[in-house]
Every structure is written in structure tokens, then in C-alpha cells.
Amino acid sequence: MTLNAWADIAIGAPLAVFFAMLLGMRAWPRAVVGLSLLSALAVALATWMMALNLPEGGFTSSVPWAVTDDFSVSFGYRLTGLSTAMACVVGTIHLLVQVYSVGYMADDPHKARFFGTLSLFATAMLGIVLSADLAQTFIAWELVGLASYLLIGFWNAKPAAAQAAKKAFIMTRFGDLGLFAGLALMVSRLGDLKIDTVLLAVEANTWEPGFVTAIGLCLLCGIAGKSAQFPLHTWLPDAMEGPTPVSSLLHSATMVAAGVYLFALLQPLFLASEFTATFALGLAVFTALLAATVACVETDMKRVLAWSSISQLSFMLMGLAAGSQVAGFFHLVTHAGFKCLLFLSAGLFIHAAHTGDLLAIGRKVGRSAPVAALGLVVGCVALSGFPGFAGFMSKELVLHAVHEQGMVFYSGALLTSALTAYYAFRLVFLALFDPERESVEAHPSAALKWQQGVVVILAVLTLGIGWTGGDLARHLGASADEAHIHWMSSGVAFAMVALVLGAGLAFVDFGRGGERAGSFAKFPAMHRFFASGWGVDAFWRTFSDVGIAGLTRLALLIDRGAIDRTVDGTGAATKVLGGVAARMQNGRVQLYLSIALGLLATGLLALGAM
Amino acid sequence: MADDLNTYLIISCALFAIGLFGVLLRRNLVAMLIGVELMLNAVIINLVAFAKFSAPEPVTGQVFALFVIGIAAAEAAVGLSIVLAVHKSRGSISVDDLQELAG
Amino acid sequence: MAWLDAHILTIILMCPVVGLGIVMLIHNGKDLLIKQVAAVSSGLSLVLSLRVWALFDASTAELQMVERVAWLPSAGINYIVGVDGLSLAMVLLTGIVFFTGVLTMWELTNRVKEYFAFTMALVAGVFGVFISQDLFFFFLFYELAVLPMYLLIAIWGSTRREFAAMKLTLFLLAGSALLFPALIGLAHYSGLNTFDMTLLAEADTDWGGMGLILFGFIYVGFGVLAGIFPFHTWSPIGHVAAPTAVSMLHAGVLMKLGAYGVLRIGMIILPEAMGSWAPVIAVLALCNILYGAFVALGQTDLKYMIGYSSVSHMGVVMLGLATMTHAGISGAIFQMFAHGIMTALFFSCVGHIYDRTHTREISRLGGLFHTMPRASTLFIIAGMAGIGVPCLASFWAEFLVFVAAVKTWPIIGILAICGLVASALFVLRVIQKTFFGPPLEAWKDLPDISNGMLPARLILAGTLLVFGIIPGLMLTNLDESVRALVAVLAG
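Residue numbers (this note's numbering), protein chains in the order written: chain E, 10 to 619; chain X, 0 to 102; chain F, 979 to 1469.
Treat the hints with care, since some could be wrong.
[Stated by the list, open to error] Anything over 10 Å on all C-beta distances counts as not near chain F; from chain E, calculated:
hint	residue
1	L50
2	T89
3	G90
4	D205
5	G365
6	G397
7	M416
8	S488
9	F532
10	S541
11	V555
12	M593
13	G596
14	Y601
15	G612
[Claimed, not checked] Facing chain F, from chain E, some residues (calculated, C-beta under 7 Å):
hint	residue
16	N165
17	I179
18	L186
19	V196
20	A564
Everything labelled a hint here was simulated from the structure, so no lab data went into it.
Since the structure is predicted, the reported quantities are computational estimates derived from the model, not experimental observations.
Where is the CB? At the ideal position from N, CA and C, for every residue including glycine.
Go ahead and model the full structure; you've got the sequences and the hints to work with.
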């Protein structure tokens, strides 16, 4: 089979499932689930086949999609080391999450809709990853947003879920404006948006610097929306209202990484403008810090993980903005593994405890769910950057790259690392080591087997994935040295110090039982500030309530008060004039005749005078 | 008064003005009808006078006058019967009571 | 078959006319028979418009399937019909909306005969406008399309129907009052003394200042029907008062007549004047897009919301035309088509909901997704098309227009892109408030769209999807005609 055919399968198979669901297969949910699993398997296979059979120099194919004289859009595949590696991540995680969902959604009456939409997501996500044309990327990007909207709002009878879905769509839409504007600016110079064309134009250095910076900032806006960076990040924690497999697949492992992927893809464009690169780096460091502090005080298990995702996405962007594609992308890969694991374990906990509250989980479930506990521990160890585990390896590369960009950024990143260790171990201690745990009997079900199996597989993957850096670097076309970790360096030492400080503080706060508030609670003002997400959410709410609502009221006022009143006023004026005219028609024939004669006489006199 | 065209025209004009006055200002339908008759007679005087002083064929004017007299008779008949009908249905022949067409 | 193909446009025009004639002959009580006649006549016109689509030769900008009959040659008036790339999509659009509109009104019981008679008169006018190539007939059909609207709204409408019908009619007639002198002016000042649009367009007339004035008359006159800011207030109130299928025809097809008139008469015959007017048109279009979206956001009535969304979307059409580029004009025509289908779907879903709940107040609805999954899904599809989600036809339209706009006027273009968020805001708000949330007790047992009533909606949703996934279907047909137009506009 050719690469093109594999790519067709990867994109087409899930799409077929979605349409089958839409066109009436909802009546047979089991059939949809079966089809969906089959297509997920095909997708995973196809993505790995593409990665393994990738020829030297990549592979590109495209067919025209929408052609005009001014510019044209094509549909096609551009398979490179980067895109196939990303496709493998997506394909693999997608398959695992689908299998997990078989158990998770076993009793849901609408599971056909769930699996169909999940398949739509796979198509869209791979559409971004394999795309050869930025316009196609944009299209898939929007479709991913649509799938995300539908999945967050899957339990739309819950007002919170419906609200969160809308928020996610709108916030990412804000970012997409920037992306769209950036693409439109580019196409006004280029004629098409093929990635090769764009990269060539950047390489040729034909655009004036201001233009490059403008485009970079516009695209960065889109990336901030999708990858939940400040100030457009507030939708991601709320998105946890969706089913847990969705949180795992879309809102941590793959979809939110789309922004990072776009950055990696167009890295030369961003790096071409020093301002854009530095701005992106600064934004990433700031977001990482912000999100990590919030994760330290959050009490809902999935929301902790969501804030952690934001923070880790910032780490990826840091690596990329600092100039190292390998570091940033490697972190994307490892994060996809361990964060997916964490979410799926969280799903097991939440399923057992019927709540997402961290303290309640610790009290009700804790270690009585061994597989979940295993997943949580492995995931958290990887997340916190324990040497040898996945998170450590990639984060170390990122920190190394950031170090070269200046001490401000580096110290911010190190501080975030320490906070990461703190909240990761806080999660472990709170969930697993609650001394007052009530013993609740476990009630195993057949469906649970699916979920537990996936968690075990992911745990194994997470343990191993940290050592694949060299292979990944080679696949990306870089030398394996770029993924090499200098164990005996000051950088590793600093990272160790951060880890020990963070983990140690977590142990002091939560590891020994007793009061479960933590060090942050000792400073109530700061605690409140962190718990409110640094007030960003409040800012957006004000923006919506005052800004948008104000504009709406103004528009309504103009419409009803000015325009429509003028229109109706014209009507009323006509009526008044008509009334005046009607008064002359009083039925007195003699008056009419007098007027007629008067007019005739005046006319004759006027004629005579001429 | 001299026997020339102007004399006749002045008389006719005065007659027409009296008729018009009657039509415009009287409220009684019969009086208005009489006003119309006066105006018609003014026209007849005009026709005959012009015929006498300026037409090569003197008979034409007189014939026209006869026609108008005939029409005036018909008009009076129709007009008076309308007035009669109005009087029957309304009990009045004052135009003040006949303002159905007010807008 | 050959005879049919040669006269296909006239036959399409005759479908509703003959249908009208037959309906008039049917006895008043036989509602089903009347509906069947209407369905056959509309179905036939849909099939024939598909046939026109198939016969169309995309490789030329010339008029095709032309028929000419001398009518009043001394006055320069002839019956000339023909299609090119610009009108092809409009003919299909009319066919689809006509057919689905008739199906949507299948449950009508009040004065069935008169309703379908007026509808068919209206559609005959619309078809006539889209295929006429003679100014006189263009105007004649235009008036024919506008007038039945008054009766359709005043008799079968709801909320403040007499007022709405009167307002709508007066507005449109005011537009006509500007158009009539303009059209006569075109024939007169060209010096050709003809109403033949092709001749007028090809003539090398130096219009000078008169061209600017005539274009202004044409732009405002037709623009009223296209809902240009600030002459748009008749449109939402008309949508609200109109019965379901009339709203479909009104927003789906009738508003397109306005934009089509500006394109077909204004831009083609007076290209230089268009060049001078373009900035004004672009700014007003921007007002439409942003302002319409914000007013829509403030509405509490579903139909008002959709009405103002139409105002916003018609702004995209006008913006596309104002760019005077290949991509922009193609996008504008694509948007006319996509928006027509989309609003038709919107209104047919809202109609279903209103017929069952007897309210359109957004605050009184909620949780309908669980009681009416079909109606909700279809509404959401229409909504997604409205906010430019890819793989639905209007995405391409908006994409082409906005990119072209950014190229021509970067600031206006980028501001117009901001309209995408505003439209997302109001559509998602309505979806959240109306369909999502816990199912309300009051609406729990209401029936969903029945199997019999589903096909009409499926045709509309399917059309959105097909053109969204294969935009080439539309763009190839537009290609040559738009290229020729752009060449004329460039002088």
C-alpha cells in the first residue's frame, strides 16, 4: 500500500464512522461502537505504517480543493518526520482511549453519538497533522474545535457542560480569528498556503520584518487559543465537564497539542522574527507558572490535571520558542503518554467515587482501586520529572534549551518545575494516602476490565517512552545528540533541587496525614488569588458582561431607537400628512370647485404674465 | 349703450359671475341649479353675440344656442329629479347635509 | 429531449405558472390535491434546475440556454432568458427552497388553495428574475416576486403580521421606486434604446457622472431587498411574522434577488461606477456583518435572531462583491447559495418547534435536544453552517470572501473576520439555551419531526454538506463568468 492510501485510511475510516452515526446508525449503538473500534485500529495501524515507511525527504501529495484566480486551497498530505510522529501519537492514544471508552461509556444510552463524535475528532486531528496546506490545517483545526464542542457538551442536559462547551468554542474562536487573519495576510502575498510554499517564502526572507512579526503574532494568537495559553486558557479547566475519555484524548494528549504542533511545523516562521520568538517564550513561561500555581490549590482531580496540562503545554512551547524542535516535540510525546494515563486513572477513581473532588476520592476510594493507584503513581512520577521517567527526560531538554535564552526565563521554568513536583505529589498523597479512608467495598464489573487494561498498557508505555528521545530526534531529521541528556551537568542538578524541594514540600504538607490544606493555605490572600486562576476568568466574565453585552445593547439601541424609529417615523409622518390632506376632502363640492377655479385663474394669470 | 360686441360680453360676463356666485355660495341645491342655468345662459349670450358680430355664417351661433337651451332643459330635468330624490331620502336639500365624500 | 433542453428555462418558469393555473381550477376543499399539485410543480422545477446544472458548460462565460422572443421591439423590450455562472446557482437554490418549502407546509390547513397559489406566483417571479436577460422583464418579475409576500404574511403570518407585511411591502416598493427610473435611465442614457442587458453590458458607453447616480439608485433599490445597513429593519420583522415556508423563501431566495440585482445590473452594466462605489459598499457591508451579529445577540425571539443573522450574512455577500476580485465575487455568490439553504433549514426547524411549543421565546425553551433530537440536530447543523464551521457550504463562502477582503482592504477584512466570533456567540447561545440543559417538563412529550416531514430538511442539510465537502461543484461553474466580470471591473 502506498503512503497516500494509508493516509486516506487514517482520515477516511473515522469519518465514515461519523457519517454512519449521523445518518441513522444511532439506532444500533453496539454496531457503531464496533465500527468505531475497528476504524481506530485501522487508524493506529495506518499512522504507524506511515511513520515506518517514510521515505528519505518525506512525501507530499495534493489535489486542488477550492480554486480561484486569487488563491487556491488544496487537500493533501505532507508526511515528514514531524507529521508522522505526531500522527502516531494521535493514532495510538486515540485507539487506547476508544478501547477505554468501551468500558467507560458501557451504560450510556447515547454512546453511539459519543463514538461517532470521537471518530470525527480523529479525522479532524489527523487532518491537521497530515495536512499539506495551511488552509486545510485551518479547516481541520475548526473541525477539531467542533468535535471538542460536541464532546464537552456530550452530557448537554447538564447546564455546566453546555456552558463549558460554549465557552471552549468561543475562547478558541477568539484565537482562531488571529490564525485566520494570519493566514489571510500570508495568502495575500503568496497565492496559496501550501506549507512548503510558506516555509520557502520564510527561508527566502522576502517579507519585510514587520510583516513576518505580524503574521507570527497572529498565528500565535490561534495557538494560544487551541493550546490554552494565557490569556485564552480559561476554557480548558471548564472543559473537564466532558466525559473523562474526552478530557484525556482531546483536552490533554492530542487536541490541545495541535497548537504546539502548528508552532513546531512553522517554527522557522516564528524564529524568523526575534520579537515573536521572545514573546512566545515569555508567554509560555508566564502561562506555565500561572497554571502550575493554580494546580497547586485546585481541589477537583480533573481540574488539577487540566491546569497541569496548560502548564505542560507551555513547557512544550518554551522548548520550541527557544529553538529546539526536538525538545518541544519530545515533551509533547511524553506528555501525551503520561497525561493520558493520569486522566484515565482519574476516570477510574471518579467512576468509583462518583465525584471528582480530590478529598472525597481519597476518603472513599484511595488504594482500594489498585490499577488506578498504579496509574496515578506512574503518571505523577513521570509528570514531576523523576529522573529516568518520561517527564524528566523531555523536560530536561526543554530546560536546557530555555537556559540558553536567558536567566529570567530559565528561573521561571525551574520554579514551575518545582511547583509541578509539588502538585503532582500532592495529588498522589491526597488521593492515595488519606489516613481517614473509609473502606468501601469495590464492585468490579466486566466493563471495568477494558479500562484497567488500557491503564496498565499506558503505564508500561509511560515507563518506556522517556528513552525513545534519540529515535524520535532521528525521525525528526535531527541528530540523536539533540536528545542526549548531560547527566553530570548543573542543569540536571538544578532540576533535581527543584524536584526535591517540590516533592519534599508536598510530603511535609500532605504525606503525613493530618490537616489537608497545604502550605499555600497559610497565605489566604495568595491562596484566593491562585484559586481564582489569577483572576483571568473574572476578567473574561467582565469582558463578556460589560464589553460584549454593552456592544449588544448599543447595537439594539441603534436599531430600535435610531434606525427603526426613523423608518416608522417616516410612516407616521406620511400618515400625518395624509391627515392634513384628508381634511381638505370635507365633502363640500362647492369648496372643491372654488379651489379648482382659483387654481385655474391663478394659472391663467401666470400664463398671461409670461 | 352701444350695440357692439363688448356690451354683450359684459352682460354675459356679469350673468356668468352671478351664476358662479350662486353655485359656489348657495347651500340650497335648487338655488345651485339655478346658478348653473344662469351660467349656461351667459354662454348662450356669448355664442349669439359672437355669431352676430364675427361669424361669416350667422346661423351657426344660433344653432349652438338652441342646442345649449335643449341641453339646459335636459340638465334641469335630471338635476331637479336628483334633488327630488335627495329630498325624499334625506328630507333636506341643503349641501351641508350631503357630505358623504369627506375624506 | 432536445426540444426540452432548448426551452428548459422557459419551462422552469412555466412550472409554477402552470401549477398556479391548475391550483386555481381546483375546488376549494380539496386540500390534499392542491398540495400534490404544488409538490409536483415544485419537484418538477427542482428536477429541471438540476438538469440546467448538468447541461451547463463551465468552460465559457457566455450566456447559455438562451431563448429570445421579440416582444415590443420598437421599445427595445424583448423576452430574453439565459443563464451564466452567476445565475446558475441561484436557479438551483430557488428550485431547492421552493420544493422544500412546499413540503414543509404540508400540514397547512388554513386557506390552502390561496396559500399555494400565492407561493407559486412568488416563485415564478423569482425564477423569472434569475433567468431574465432583459431589464424590463427583470423588473417585471422582480415586482411579481415582491408583491405576493404582502398577502402571504398578512394572511398566514403570526406576530404583528399586518404591520410587518405593510412595512415590508412599503420598504420594497420604495426600493422599486428607485429602481424603475434607474432602469429606464440605463436604457435611455446608453443611447441604445434597448433593455437587453447583454447589449447594454457590451456597449462601450461612457456613463460619466450619470453612471454614478444610476448605480447609486440601483445599489440602494436592490440593496433594500438584500437587507443592506441601514435599510434592513423590514427584514427581521418580516421573517418573524411570516409563516415557516414563507420565511424560508423570503430569507432563502428573496433577499438574494437584491444582491443578485446589484451584481447583474449594477456591476456588469456599470463597472466604472462600481469601482467608485466599492468602498462605500464595503463599509456598509462591514456594518451589516458586525452590527447584524450584535443585534442578533440581543434578541430573545428565535426568529428575530435568525432574521438578524441573515442581515449579518448578507453583509458577507456584499463585502465579497465589493472586493471586485475573483475569489471575493465567487465567495459572494457561494454565500448567496449557502446562506439561502442554511436559513431555509433554520426556519424549517424553528417552524417545527414553534408549531409544537407555540413559543419562540428563547428563555421559555430549553432541553429540546432530548425531546426533539432530529429538529435539534438539524438546527445545530444550520447553526454550525452559520458560524462558518468547515465542511458546510458557508465555510467556503466566508473563507473566500474574508481572505479576498483582507487582500483588498486589510483593516475592513480583519474587522469582518471578527464578525465570526460575534456570530459564534449568538448561535451557540441559542443552542445552549434552547436545545441544551435539562429537558423542561412543559415540552417533554412533544413529537419530533416525523418521517414524512424529514426529507425536506435532509435535502437542505445534505446540500450544505455536499457543497461544503466538494466546493469545486460551485466554484468550477462560477469560474469563467466571474473571471469575465472581474476583467470588466478592472477595465
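Here's how the hints hold up against the structure:
{"no.": "1", "hint": "L50", "result": "25 Å, holds"}
{"no.": "2", "hint": "T89", "result": "23 Å, holds"}
{"no.": "3", "hint": "G90", "result": "27 Å, holds"}
{"no.": "4", "hint": "D205", "result": "19 Å, holds"}
{"no.": "5", "hint": "G365", "result": "20 Å, holds"}
{"no.": "6", "hint": "G397", "result": "43 Å, holds"}
{"no.": "7", "hint": "M416", "result": "37 Å, holds"}
{"no.": "8", "hint": "S488", "result": "38 Å, holds"}
{"no.": "9", "hint": "F532", "result": "38 Å, holds"}
{"no.": "10", "hint": "S541", "result": "24 Å, holds"}
{"no.": "11", "hint": "V555", "result": "14 Å, holds"}
{"no.": "12", "hint": "M593", "result": "24 Å, holds"}
{"no.": "13", "hint": "G596", "result": "27 Å, holds"}
{"no.": "14", "hint": "Y601", "result": "29 Å, holds"}
{"no.": "15", "hint": "G612", "result": "28 Å, holds"}
{"no.": "16", "hint": "N165", "result": "4 Å, holds"}
{"no.": "17", "hint": "I179", "result": "6 Å, holds"}
{"no.": "18", "hint": "L186", "result": "6 Å, holds"}
{"no.": "19", "hint": "V196", "result": "6 Å, holds"}
{"no.": "20", "hint": "A564", "result": "4 Å, holds"}
In the structure shown, no violation is registered for any of the earlier numbered hints.
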